[in-house]
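There are 2 protein chains.
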Amino acid sequence: MPAPQNLPPPRGFPDAEFETRLTTAQNTMAVAKIDALLLTTEADIRYYSGFATQFWQSPTRPWFLVVPTTGKPVAVIPGIGAECMARTWIEDIRTWSSPHPHDDGISLLASTLREVAGKTGRIGLPMAAGSHLRLPLADFEKLRHCLRNMEFVDATGIIQFQRMQKSELEISKISYVCSSVSAVFATAAELFSIGQSDIDAFRSFKTACLAHGVDDISYLVGGAGAGGYNDIISPPSGRLLAHGDILMLDTGCTFDGYFCDFDRNFALGAASDQAPRAYRVLFEATEAALNIAVPGTTCAQLFHAMHKIIDASGVLDSDVGRLGHGLGLQLTEPPSHTAFDHTVLKPGMVITLEPGLTFAPGKTMVHEENIVIRETGAELLTTRAPPELPIIG
Amino acid sequence: MPAPQNLPPPRGFPDAEFETRLTTAQNTMAVAKIDALLLTTEADIRYYSGFATQFWQSPTRPWFLVVPTTGKPVAVIPGIGAECMARTWIEDIRTWSSPHPHDDGISLLASTLREVAGKTGRIGLPMAAGSHLRLPLADFEKLRHCLRNMEFVDATGIIQFQRMQKSELEISKISYVCSSVSAVFATAAELFSIGQSDIDAFRSFKTACLAHGVDDISYLVGGAGAGGYNDIISPPSGRLLAHGDILMLDTGCTFDGYFCDFDRNFALGAASDQAPRAYRVLFEATEAALNIAVPGTTCAQLFHAMHKIIDASGVLDSDVGRLGHGLGLQLTEPPSHTAFDHTVLKPGMVITLEPGLTFAPGKTMVHEENIVIRETGAELLTTRAPPELPIIG
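Sequence lines, in order, name chains A and B.
At position 380 of the first sequence (counting the first as 1) the number is 380 in the working numbering, and the numbers step up by one without a gap.
At position 281 of the second sequence (counting the first as 1) the number is 281 in the working numbering, and the numbers step up by one without a gap.
Heads up, a few of these hints could be off.
No distinction is drawn between identical chains; accordingly, a pair holds when it is met within one copy or between any pair of copies.
What the hints assert, rightly or not - When the alpha-carbon atoms are kept at most 25 Å apart in a straight line, the in silico SDA-like pairs for lysine to any residue are as follows: (1) K33 / P276; (2) K142 / L108; (3) K346 / P59; (4) K142 / F152; (5) K142 / F161; (6) K119 / A300; (7) K346 / A189; (8) K142 / T156; (9) K142 / M127; (10) K346 / P101; (11) K33 / F161; (12) K72 / H342; (13) K119 / E168; (14) K72 / E83; (15) K119 / A138; (16) K308 / G79.
Derived by calculation from the structure, the hints in this document are not laboratory data.
Work out the full structure: start from the sequences and follow the hints.
This is the structure in structure tokens:
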């Protein structure tokens with residue numbers, strides 16, 4: 001295996017980074033008259049605490065982080081996580097023995113919220129698009145009943161808006177994983193071959209990603225088919241790659257919890273006329289977005305810049321709903337490049353540009369790059385895909 | 001890399017398996033007077049539809065499966081998933097363009113539920129322990145308002161109870177991934193060494209798991225420390241493994257969506273007196289549970305059998321909340337081996353036996369095997385850990 005092309009940045013964050021995140025949240029909470037934030041999901045809790053564990057894979061136990069208006073967040077978590085949380089910057093860690101038959105943390109959470117937010121306080125929690133509550137609905141109803149003099153209000157915007165703009169340390173982690181995976185895609189001709197099962201192709205790719213320094217291949221989907229593919233979110237099927245196939249792999253690998261999210265297309269042995277033309281349209285659409293991805297541009301403008309080129313090419317439209325999005329602690333984060341998302345780009349935002357199209361019945365193509373917005377414009381985190389559809393094998 | 005020790009079973013399931021799952025659900029729905037099940041999470045939707053994608057990593061879009069009292073489930077999903085869903089046994093696939101600014105599938109879902117369950121029907125959805133709703137709370141409130149003449153009732157038990165008992169095809173997938181990872185642990189002396197960073201140890205393990213035929217290493221946590229470890233859910237820290245360390249890796253690898261979940265302990269170079277003694281206690285506790293893990297035994301009895309041995313050993317207790325659990329499409333599923341879970345073991349249940357203890361301040365140990373309950377008793381899916389703490393390196 002080739003050595004990694006780049007050295008990994010340090011893991012974790014200094015406390016100062018968490019202090020900044022907390023202060024930003026508390027400033028916004030003051031404006032929104034929110035007395036406490038209640039967080040329940042892996043990414044939100046990790047963002048404000050640094051709590052890093054794959055134990056989230058187990059759906060059995062709920063986990064809570066309460067952000068007060070002043071002072072550090074309070075962790076209200078199952079005892080099994082106390083040691084792991086104690087290594088973060090969080091000091092106030094309250095635990096219960098979970099799973100519990102009658103009260104899986106709800107009374108402890110209720111008393112913590114009362115203590116932090118007052119008996120008639122307003123509790124902000126994520127309720128809007130892209131969010132969910134990671135606790136049983138019955139337990140949330142119980143909490144609402146316990147705290148019936150308090151008001152639960154939406155705080156999705158507060159958290160999403162803050163998380164959209166990445167720090168330099170966050171960017172360094174995303175940049176590293178983008179570079180590592182770009183280096184893997186550069187060896188595509190060694191990884192993928194005609195006659196190989198797509199399951200083996202995926203496995204080769206994953207092994208190479210590990211060798212190039214990613215922590216996990218948390219997301220790997222793709223498609224392959226004669227002259228094109230028509231499914232961009234599926235696992236491999238066991239089908240053998242064949243001469244004339246177009247193969248696409250789309251991956252979200254992670255380093256220290258931060259995702260890349262991009263894909264690459266390859267023709268195996270040869271390509272028909274249509275696929276290279278579709279590829280070229282997507283390359284040009286991405287170029288158009290790259291050219292205007294400067295502070296002040298809106299996501300809707302990015303969408304229109306890409307859509308215009310796809311539209312002008314005369315190909316069919318596709319229905320993936322958007323042409324790119326934010327990324328970070330999650331594979332996809334706000335904003336969305338759609339006609340209705342008018343989020344204004346700012347320095348530090350990390351986004352994907354992801355134009356897609358349908359170039360013939362049953363033949364789709366997607367293309368994706370990851371960038372960070374700088375004062376001067378877009379900085380590519382991925383190694384730019386070649387302008388013409390590469391042929392391998 | 002050594003070749004896989006065992007051949008993988010076929011991927012997917014014949015339609016007959018989904019028909020059986022559906023019939024079982026519909027029979028229980030009839031008894032519970034539920035007119036439709038509403039499912040929103042990856043595991044529940046996959047169980048009844050076969051819908052397999054890692055696209056769940058993206059939190060942007062909600063996905064719904066509606067199970068009627070007669071006939072096949074209806075998928076209500078974002079357009080981007082239509083092709084992937086069309087390859088399952090589901091026929092009625094209703095899509096919308098997502099993300100959507102005002103109506104992200106809620107009106108389509110509401111009309112589907114009305115059509116399927118009637119205007120005053122009862123809708124069952126998972127609300128209790130171990131469940132969550134994977135859609136924005138605000139959208140769920142909107143749905144409840146749209147369907148205010150319908151009743152939403154808890155269906156956690158219906159789904160969990162059914163999913164607990166695995167079919168032979170499900171067992172073959174779990175068995176395969178348990179065998180593959182057992183074969184990897186058998187090469188521990190080649191994978192882990194004194195002076196190696198724990199990050200590299202984890203990476204070596206992941207690479208070996210891929211070489212042994214698992215699809216993904218979805219969960220890998222562990223601990224290492226001089227004479228013992230005290231954190232069983234953390235990622236590696238970059239610390240170098242040292243002579244006298246006890247190293248534990250706990251992994252949930254998957255094959256075709258099905259998990260193993262077990263760990264192994266190793267002493268590096270040498271072990272103090274305490275750790276081998278703690279290890280022996282856990283081995284004996286597991287033996288005690290293995291001996292009584294027959295149809296008719298309850299999870300509480302498994303708990304007490306293990307707890308009695310840990311207690312008699314004079315070591316400190318630990319607070320992980322339970323001593324094992326079910327597994328399958330999720331890393332942890334019901335039942336739980338606790339004093340309060342009186343689930344009766346039945347043939348086809350796949351469970352872990354996972355005793356843990358604290359043998360000195362700051363020194364924890366956990367031990368885990370995966371078994372399937374047969375008419376005649378416990379059948380090990382993992383290669384039984386050795387009775388004495390292995391020393392490597």
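Quiz item: How do K142 and F152 come out at 25 Å by Cα distance, when the copy is not named: within, between, both, or neither?
Solution: Answer is both; intra-copy 13 Å and inter-copy 16 Å each pass.
Self-check item: K142 and F161: within-copy, between-copy, both or neither at 25 Å Cα
Solution: between (29 Å within a copy, 24 Å between copies)
Self-check item: Same-copy or cross-copy closeness of K33 to F161 [CA-CA at most 25 Å]
Solution: Cα proximity of K33 and F161: one copy only (17 Å, versus 44 Å across).
Quiz prompt | Intra- versus inter-copy proximity for M127 and K142 (alpha-carbon distance at most 25 Å) | solution = The answer is both: 17 Å in one copy and 11 Å across copies each meet 25 Å.
Quiz item: For the identical chains here, do K119 and A138 meet the 25 Å Cα criterion within one copy, between copies, both, or neither?
Solution: both (22 Å within a copy, 24 Å between copies)
Quiz item: For K119 vs E168, is the C-alpha pair at or below 25 Å within one copy, between two copies, both, or neither?
Solution: neither (39 Å within a copy, 53 Å between copies)
Quiz item: Under a CA distance limit of 25 Å, which applies to K346 and A189: within one copy, between copies, both, or neither?
Solution: Answer is neither: 37 Å inside a copy and 50 Å across each miss the 25 Å cutoff.
Quiz item: Checking K308 and G79: alpha-carbon separation at most 25 Å within a copy, between copies, both or neither?
Solution: between (54 Å within a copy, 21 Å between copies)
Quiz item: From the Cα coordinates, with 25 Å as the cut-off, is the pair K72 and H342 best called within, between, both, or neither?
Solution: neither (33 Å within a copy, 40 Å between copies)
Quiz item: Quick one: K33 to P276, C-alpha cut-off 25 Å, is that within a copy, between copies, both, or neither?
Solution: neither (54 Å within a copy, 56 Å between copies)
Quiz item: Within a copy, between copies, both or neither: where do K142 and T156 come within 25 Å Cα-Cα?
Solution: Answer is both; intra-copy 22 Å and inter-copy 16 Å each pass.
Quiz item: Is it within, between, both or neither when you check K142 against L108 at 25 Å Cα-Cα?
Solution: Classified as within: same-chain Cα gap 12 Å, cross-chain 29 Å, threshold 25 Å.
Of the numbered hints stated above, those contradicted by the structure are hints 1, 6, 7, 12, 13, listed in ascending order.
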